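Asks: If you read the sequence shown in the numbering used here, its first letter stands for residue 10, the second for the next number, and so on.
Treat the hints as calculated values from the structure; they're not laboratory data. Source: prediction; values computed, not measured. Mixed in with the good hints there might be a few duds.
Below, computed lysine-lysine pairings styled on DSS-like, alpha-carbon distance capped at 30 Å [to be verified]:
1) 58 / 115
2) 22 / 42
3) 42 / 20
4) 58 / 42
5) 42 / 12
6) 12 / 22
7) 70 / 42
8) 58 / 22
9) 70 / 115
10) 20 / 115
11) 42 / 29
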Amino acid sequence: MAKCSVCNARKGKRQCSREKDWICAECCGATRKAEHCQGCGYYRESRPKRHYADVPRFSTKEMESDLQLQSYADSIEGALCLWDCSHEMSLRDSSMLGVVEMLIDKHYYHELGTSLTDDSLLQEGYDIVNRAISEDMADVLPDTLVRILGVIHFVAQRRTRGGREHFDVLQQYVGLRLDTGTHLKILPNNGIMGDR
10 MAKCSVCNAR KGKRQCSREK DWICAECCGA TRKAEHCQGC GYYRESRPKR HYADVPRFST
70 KEMESDLQLQ SYADSIEGAL CLWDCSHEMS LRDSSMLGVV EMLIDKHYYH ELGTSLTDDS
130 LLQEGYDIVN RAISEDMADV LPDTLVRILG VIHFVAQRRT RGGREHFDVL QQYVGLRLDT
190 GTHLKILPNN GIMGDR
């Protein structure tokens with residue numbers, strides 16, 4: 010394998026259209042510019058680093074004591090469960106966090122654009138949850154929606170261990186959102202229980 014044409018130290022594993030030669034991943038990332046690298050498979054517009062832990066949120070105690078806030082959170086989490094069920098309950102918590110972060114980008118950071126991601130799986134989840142928000146929470150104040158998304162992100166981040174720990178809890182206690190106010194829980198013994 011050829012050496013990197015930029016640093017001449019590491020193996021060049023990527024064919025660079027700008028350098029017209031092989032380049033290593035580190036030099037590719039360090040020297041990437043929009044005007045030269047547009048259209049390259051390795052080029053992506055850099056997104057600002059977001060600190061989702063700093064997004065305003067309700068406390069878990071506020072959520073526990075307010076049935077209306079719980080109902081709003083159930084709509085979002087139930088839509089996430091429906092998305093998970095459509096993939097045979099194989100999604101990981103990192104996918105859920107990605108969707109919630111996309112929603113926070115839209116509602117808190119006011120990120121515009123029709124497609125917030127190139128990942129079709131995350132886009133599918135985003136579309137399902139966004140539809141639930143528009144159907145169930147049309148009258149909710151933007152600040153309230155952001156704070157609900159913030160607490161959902163906080164709890165999921167706290168509970169996950171890198172697998173699907175939070176998804177499993179949601180499937181057990183929230184269930185699939187089928188329609189406004191209608192959830193379906195799939196019980197551990199493959200039984201089904203209607204809810205609300």
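Asks: Give a verdict on every hint.
Replies: Going through the hints against the structure:
1. As the CA atoms of residue 58 and residue 115 are separated by approximately 15 Å, the hinted pair is consistent with the 30 Å bound.
2. Distance hint between residue 22 and residue 42 is fulfilled; the C-alpha atoms sit about 19 Å from each other, no more than 30 Å.
3. Proximity of residue 42 to residue 20 is assessed by CA-CA distance (about 21 Å); at most 30 Å being required, the pair is judged to hold.
4. Among the hinted pairs, residue 58 with residue 42 is consistent with the structure: their alpha-carbon atoms are about 18 Å apart, no more than 30 Å.
5. Restraint check: the Cα-Cα separation between residue 42 and residue 12 comes to about 21 Å, which is no more than 30 Å; the hinted pair holds.
6. Proximity of residue 12 to residue 22 is assessed by CA-CA distance (about 8 Å); at most 30 Å being required, the pair is judged to hold.
7. This hinted pair does not check out: residue 70 and residue 42 have alpha carbons roughly 47 Å apart, beyond 30 Å.
8. About 27 Å separates the Cα atoms of residue 58 and residue 22, which keeps this hinted pair within 30 Å; it holds.
9. At most 30 Å may separate the alpha-carbon atoms for a hinted pair to count; residue 70 and residue 115 meet this at roughly 26 Å.
10. At most 30 Å may separate the alpha-carbon atoms for a hinted pair to count; residue 20 and residue 115 exceed this at roughly 40 Å.
11. Distance check on the hinted pair: residue 42 and residue 29 sit about 15 Å apart at the alpha-carbon level, within 30 Å; holds.
In the structure shown, a violation is registered for the earlier hints numbered 7 and 10, in ascending order.
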